[in-house]
Amino acid sequence: MEFLRSSIHHAMDRLKHQPALALLGSRQVGKTTLSMQLQQAVGKDSVYLDLESPADLAKLSDPEDYFLNRQDKLIILDEVQRKPELFPILRSVIDRNRAAKGRFLLLGSASPELLAKSSETLAGRIAYLELNPLLYSEVSASIDFQKLWLRGGYPDMLLAENDVISFKNRLDFIQTYLERELPLLGLRASPVLLRNLLKMLAQVHGQILNYSDISRSLGVDLNTLKRYLDFFEYSFIIRRLQPFFINISKRLVKSPKFYFRDSGILHGLSGIGNMEELESYLFKGNSWEGFVIQNVIGNLKPEISPYFYRTQDGSELDLVLVKGNVPVLGIEIKYSNAPSPSKGNTVAAQDLGDIPVLLVTPSVDEDYSLVRKKTVTSFARLGLHLELAGMVI
Numbered sequence: 001m002e003f004l005r006s007s008i009h010h011a012m013d014r015l016k017h018q019p020a021l022a023l024l025g026s027r028q029v030g031k032t033t034l035s036m037q038l039q040q041a042v043g044k045d046s047v048y049l050d051l052e053s054p055a056d057l058a059k060l061s062d063p064e065d066y067f068l069n070r071q072d073k074l075i076i077l078d079e080v081q082r083k084p085e086l087f088p089i090l091r092s093v094i095d096r097n098r099a100a101k102g103r104f105l106l107l108g109s110a111s112p113e114l115l116a117k118s119s120e121t122l123a124g125r126i127a128y129l130e131l132n133p134l135l136y137s138e139v140s141a142s143i144d145f146q147k148l149w150l151r152g153g154y155p156d157m158l159l160a161e162n163d164v165i166s167f168k169n170r171l172d173f174i175q176t177y178l179e180r181e182l183p184l185l186g187l188r189a190s191p192v193l194l195r196n197l198l199k200m201l202a203q204v205h206g207q208i209l210n211y212s213d214i215s216r217s218l219g220v221d222l223n224t225l226k227r228y229l230d231f232f233e234y235s236f237i238i239r240r241l242q243p244f245f246i247n248i249s250k251r252l253v254k255s256p257k258f259y260f261r262d263s264g265i266l267h268g269l270s271g272i273g274n275m276e277e278l279e280s281y282l283f284k285g286n287s288w289e290g291f292v293i294q295n296v297i298g299n300l301k302p303e304i305s306p307y308f309y310r311t312q313d314g315s316e317l318d319l320v321l322v323k324g325n326v327p328v329l330g331i332e333i334k335y336s337n338a339p340s341p342s343k344g345n346t347v348a349a350q351d352l353g354d355i356p357v358l359l360v361t362p363s364v365d366e367d368y369s370l371v372r373k374k375t376v377t378s379f380a381r382l383g384l385h386l387e388l389a390g391m392v393i
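Be aware that the sequence shown starts at 1, since it is given in our numbering, and climbs by one per residue.
The set of hints was computed from the structure by calculation and includes no laboratory data.
There is no bait here: all hints are sound.
Calculated pairs, BS3-like style, for lysine-lysine (alpha carbon to alpha carbon, straight line, at most 25 Å):
{"no.": "1", "residue 1": "Lys101", "residue 2": "Lys83"}
{"no.": "2", "residue 1": "Lys323", "residue 2": "Lys373"}
{"no.": "3", "residue 1": "Lys254", "residue 2": "Lys343"}
{"no.": "4", "residue 1": "Lys323", "residue 2": "Lys301"}
{"no.": "5", "residue 1": "Lys284", "residue 2": "Lys343"}
{"no.": "6", "residue 1": "Lys343", "residue 2": "Lys373"}
{"no.": "7", "residue 1": "Lys199", "residue 2": "Lys284"}
{"no.": "8", "residue 1": "Lys374", "residue 2": "Lys301"}
{"no.": "9", "residue 1": "Lys373", "residue 2": "Lys301"}
{"no.": "10", "residue 1": "Lys301", "residue 2": "Lys101"}
Construct the entire structure; sequences and hints are all you get.
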């Protein structure tokens, strides 16, 4: 089963306006599949090179000559972070014909080296697009949200024959990520240590990050811990959601909240292989919160920025969507179909300019309004609210 990714329209638009597009995302997220869909959609010949293939690398023994002789084609370079020395050559080739658009599609399992090299040498010549694991908006016609929540959005895990195979695929992904991907991205650390860190992080998913507590538990210094987390974040495994600051007179929480981007990876680390185990999971509410947040953020327009809001006295909103510097919508996520907003939610919305708030439940039958611009809706209808508000792609 192959899904049409919502990112394809944004990718097509960027290829029409920039010489190069970097499609970034973790391994197995579907970058190669999307590149094949783009090959069919761009309307011109294309060349695909996998930079992990010795045969394809041999074709680039003289990369400048290779690129110049194929100026009429879309050249797709997969795993481009493996050859950062190509970026200056790409810049030179692009600059010889700056008017030509849609010449290079770069696929990368993002790394600090990839981001730094490409931004340094291709500034003004490249657009970036992050590819998320499959979102509910992309699979809702054939897959229910509970299956997506349990298994996550990586295609091999979501579309596995059964839950047992899906769970094994997630464990294999985690092992490969620790033992192969992170070293290739430049992180030299014990896979056992990093696995222990990921398991610790699974216990604080959806919570404020306390770096000191984690560093003491792991037995590493604070700077080392933050370096590990940077690599996890650069490779799109975790998300640190930043707090929104608006009122300096308020005592605001200043540390980020932590989430695994993919609920299936969280559940793999937590030993959850089926819905029965998920329903009895101690941190089920936190898992649900992260799942909803990923599905919101994954669809947002570039001009909409996500934050959370929390004060020291308990006023909070799980998600605040901001346009420019102006909060426009609050989202509070509940694992209950009969939610009631807390006083803290009300105060937070007032702090942020009396913004409207959506209370998102798993499957409430119909939307209904509460006091002070609060609306209860279901996860399935959340996308419609965001679409009507002009916030999603």
